[in-house]
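Student: Spelled out, the chains give:
4 protein chains.
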Amino acid sequence: MQQDHVITLLISCLDRPGIVAAVSQFIFEHQGNIVESDQYATARQNGTFFMRISFSEEGFQLNERELVEAFQPIAARFGMQWSVHYSRNRKRAAILVSRLDHCLVDLLWRWRNGELVIDIPCIISNHPDLEPLARMYQLPYHHFPIRTESRAADQQRMLEFLEGKVDFLILARYMQILEPFFVQAYPQRIINIHHSFLPAFTGARPYERAFERGVKIIGATAHYVTEELDEGPIIAQDVIHCNHRDSIEDLIRKGRDVERRVLAEAVRLHSEDRVLVYKNRTIVF
Amino acid sequence: MQQDHVITLLISCLDRPGIVAAVSQFIFEHQGNIVESDQYATARQNGTFFMRISFSEEGFQLNERELVEAFQPIAARFGMQWSVHYSRNRKRAAILVSRLDHCLVDLLWRWRNGELVIDIPCIISNHPDLEPLARMYQLPYHHFPIRTESRAADQQRMLEFLEGKVDFLILARYMQILEPFFVQAYPQRIINIHHSFLPAFTGARPYERAFERGVKIIGATAHYVTEELDEGPIIAQDVIHCNHRDSIEDLIRKGRDVERRVLAEAVRLHSEDRVLVYKNRTIVF
Amino acid sequence: MQQDHVITLLISCLDRPGIVAAVSQFIFEHQGNIVESDQYATARQNGTFFMRISFSEEGFQLNERELVEAFQPIAARFGMQWSVHYSRNRKRAAILVSRLDHCLVDLLWRWRNGELVIDIPCIISNHPDLEPLARMYQLPYHHFPIRTESRAADQQRMLEFLEGKVDFLILARYMQILEPFFVQAYPQRIINIHHSFLPAFTGARPYERAFERGVKIIGATAHYVTEELDEGPIIAQDVIHCNHRDSIEDLIRKGRDVERRVLAEAVRLHSEDRVLVYKNRTIVF
Amino acid sequence: MQQDHVITLLISCLDRPGIVAAVSQFIFEHQGNIVESDQYATARQNGTFFMRISFSEEGFQLNERELVEAFQPIAARFGMQWSVHYSRNRKRAAILVSRLDHCLVDLLWRWRNGELVIDIPCIISNHPDLEPLARMYQLPYHHFPIRTESRAADQQRMLEFLEGKVDFLILARYMQILEPFFVQAYPQRIINIHHSFLPAFTGARPYERAFERGVKIIGATAHYVTEELDEGPIIAQDVIHCNHRDSIEDLIRKGRDVERRVLAEAVRLHSEDRVLVYKNRTIVF
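Protein chains in written order, with the UniProt record's numbering: chain A, 1 to 285; chain B, 1 to 285; chain C, 1 to 285; chain D, 1 to 285.
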């Protein structure tokens with residue numbers, strides 16, 4: 001429905017008085033009706049200010065080009081970094097998977113269901129196994145094997161394939177480490193699910209190591225991928241209790257429920273332009 | 001510290017464009033620096049709009065009287081219900097208890113600790129038992145027995161005693177039903193903790209009835225007291241898991257942890273002017 | 001794998017000394033190796049005693065007929081109600097659905113994944129909508145319309161169809177109230193998911209009523225169906241937090257996650273013979 | 001009440017058939033009535049078997065000396081490590097604190113309340129600050145300063161002081177690292193609360209580091225102290241959600257609630273002989 005479309009401004013700048021007044025006055029002057037607004041400053045004095053403000057597209061008097069032009073002086077006055085997002089332009093995401101299907105099953109179900117408002121131009125995998133699942137949802141599935149001996153070249157090929165097709169990537173238990181050049185191509189636009197509560201158990205085999213350590217909770221963490229493995233800004237995390245009776249297999253089974261929920265949440269937040277990054281941390285509006 | 005004091009505006013009115021612009025412009029004009037702002041509308045079209053906006057008192061050019069006067073035209077233009085709150089004016093709360101001490105112990109510890117920024121002019125009880133606890137914190141303790149045969153008169157006496165002393169009341173497992181005239185004297189200003197996840201198990205003996213029903217979770221609910229028992233607007237709720245091994249005594253023991261946490265949370269929210277009431281529901285900013 | 005098969009005894013009787021000794025001695029004598037054992041008595045004195053004890057089928061010297069015969073004297077001595085279950089005999093469950101697919105999607109995924117060790121001879125619905133989902137998993141789908149004017153007869157037909165085919169039923173958001181004669185045919189063998197934390201919001205439209213009441217948590221309850229609507233023994237429950245920003249649609253969306261998790265948990269517990277019923281409550285081993 | 005006293009056997013040995021039968025037969029022969037029993041084997045084949053079995057002291061025909069003597073042959077047959085515990089012999093715990101009071105306040109309140117069934121012969125601190133709290137509960141408070149230049153000698157003095165007075169130690173945010181000789185004097189009998197979800201943020205300033213890392217959950221871990229800092233067997237863990245708005249001070253405040261709950265839980269489990277250690281992990285019955 002047209003009347004549900006919103007325009008969202010994401011803003012950051014040095015904090016000082018008058019920002020909210022200027023932005024809200026701008027929206028009001030051009031007949032925008034604010035439907036959601038959130039803000040945060042990193043400190044009371046001289047902090048960095050972040051804002052996410054959404055207003056109805058219907059009735060707003062400027063088109064996208066006009067908006068950018070008209071907002072420019074305000075942005076300049078406050079030294080803002082800013083971007084504008086139209087909800088009717090759904091973000092396009094490629095989902096990358098390997099052999100485990102639980103996150104993909106969950107994402108696709110939520111997507112078809114309307115919980116995740118994104119477009120999925122393709123599903124990519126280093127294995128052919130999950131193609132039937134993609135077909136079920138009539139989504140293109142591309143098999144890009146990654147070979148140890150040609151890993152960089154293989155990823156390069158994948159990167160070229162994606163060129164221009166997508167806005168962000170979802171690693172839904174994709175069992176390959178992405179090369180730095182690949183990560184740099186999608187800064188803060190690759191979402192990974194790691195199967196532990198980071199920063200505990202970074203790297204390989206977290207459930208096995210959780211079992212060995214005898215923890216009483218296990219968890220999952222969705223984060224933006226950076227060049228340092230499992231060190232990127234955390235978007236969402238959750239845990240589940242476990243006990244001595246849980247074998248490694250039980251931890252894996254219980255963990256699946258947390259992984260898929262946390263990844264879906266992060267994808268939803270990102271797709272709605274709710275996540276800003278500041279100093280390797282996220283502000284989630 | 002002076003620089004930490006904030007002024008908070010609570011506003012509600014019919015939703016229409018321009019409210020945020022007008023309010024933030026007002027604050028900016030008088031040199032206020034916004035430190036927190038949240039808003040909510042009950043519907044996209046023709047809803048009711050609610051706003052809580054806080055700005056530093058330091059540097060703000062108007063004193064309280066001037067602020068009220070200067071804001072009046074804006075309030076009139078939008079037909080606002082509004083109030084202004086200065087954080088340096090701590091709210092004064094009377095705590096009412098009976099014999100159970102867990103909520104009182106917790107509230108007092110958090111209070112002394114700085115988690116709850118309120119003044120406590122008195123603790124009131126229908127029993128003498130918890131006086132030593134009050135004394136430990138050097139707080140006045142008043143024993144107001146409530147007798148079946150003179151219940152209304154007894155409460156009347158209590159009400160008169162409180163006159164002018166407090167801004168709100170905390171029923172920390174106070175085992176008496178307040179008379180309608182008493183409740184009416186403190187509309188949306190009496191916080192009760194009920195030991196169940198409302199609306200389940202309203203009324204007496206909720207743990208016993210939870211045990212009988214064989215539930216797998218028990219909970220607690222903090223709400224504003226209205227004339228209808230356990231039907232007032234809910235401020236905070238939480239639960240804890242239980243199982244067949246839990247006797248009624250175990251439920252009571254586990255429940256204490258939830259009760260005290262939920263009550264403290266509700267008191268904190270109320271004391272920071274974060275709770276607005278709309279149609280027997282709360283908006284918690 | 002043969003070596004993973006276990007035999008499980010479920011026992012209840014008046015509590016008195018010697019029960020555990022007798023049962024464990026019986027298992028030991030016939031070369032059984034206990035792999036899991038749990039027990040519970042409703043009271044220290046004169047309570048009812050419940051036990052679930054599992055031992056490896058491999059190496060156990062008695063076949064099923066011999067086991068029953070040999071255990072009979074022990075059962076008689078203590079006045080036991082008891083049953084024996086072989087894990088290699090997977091329980092057969094019919095899943096009943098209407099139009100909402102989230103619980104069915106989840107159950108089928110967990111089933112194919114090995115989390116739910118059951119057979120699913122058929123999926124039954126009063127609507128044709130979810131047939132494609134059944135077909136995806138190559139499961140028979142039967143459309144049994146229930147008409148207001150012939151409700152009892154329609155259900156009778158369904159009951160006859162199920163005759164001999166299944167051990168228990170799963171109501172995965174099946175939007176029909178089962179007739180008493182139907183319920184009586186599967187005592188403590190029909191698992192329903194109700195979309196509220198019972199006993200709050202029994203009956204229709206719980207999310208709408210949760211919204212109206214302004215609760216800060218919503219939940220889901222899996223229970224055995226009895227003739228009294230939403231009053232049967234509770235097997236599993238869980239909740240999720242919500243707030244004033246959640247519309248009814250948001251509650252429905254958030255609730256789906258809880259519903260599917262709680263229903264799957266209840267089905268797993270039932271399928272592993274972990275649930276005993278006592279006075280409309282469950283003992284979950 | 002005499003009738004509530006129980007005798008608890010803790011047993012571990014190589015798993016093989018007949019253990020439960022032998023133990024339960026032994027209890028039955030001497031007129032013991034089992035009130036609780038739990039067991040666990042680390043593997044289906046050739047695992048290590050653990051058992052905790054409790055029976056009423058009332059009516060049991062053997063006194064402690066006789067029990068030990070009579071059980072010896074069974075223990076020998078199965079090569080058991082075992083111990084026997086009488087609930088009427090409350091465990092004696094020293095609580096060690098520094099300046100932060102939240103864990104101590106909570107432990108003492110639960111103790112007086114009957115939630116923690118232990119004796120507290122003394123509270124020990126390297127600071128004088130919390131003495132008034134001890135006095136409130138009429139408990140002896142001993143100030144043992146620990147100086148950098150005489151740390152080992154200071155702890156030696158403390159160790160000698162404790163000699164014969166206590167069964168286990170509770171470090172309730174005690175801000176000193178215990179010397180190896182001290183730890184060795186109380187193997188698996190010193191419970192520490194660490195203010196993070198281990199193994200994340202071992203060592204100093206975990207809240208600060210959690211803030212820096214931008215986690216969305218914080219937690220607390222109760223564990224037995226071993227010579228390796230924060231690496232001992234974990235008894236209990238829990239977490240709470242946080243977000244970008246939480247300053248380090250907020251994390252500390254929220255964390256206090258988790259710390260005190262997790263520590264109290266671990267103390268309760270230990271005091272009821274519910275915790276067994278195996279390979280740096282705990283089995284919690």
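If you're looking for bench data, these hints aren't it; they were derived computationally from the structure.
Watch out, some of these pointers could steer you wrong.
Unchecked claim - A short, non-exhaustive set of chain C residues, derived as facing chain B with CB atoms under 7 Å: (1) A200; (2) G203; (3) A204; (4) R205; (5) G214; (6) V215; (7) K216; (8) I234; (9) Q237; (10) I240; (11) H244; (12) R281.
Just so you know, even glycine gets a beta-carbon here, dropped at the ideal spot from N, CA and C.
Student: For which of the previously enumerated hints does the structure constitute a violation, in increasing order of number?
Tutor: 2, 3, 4 and 10
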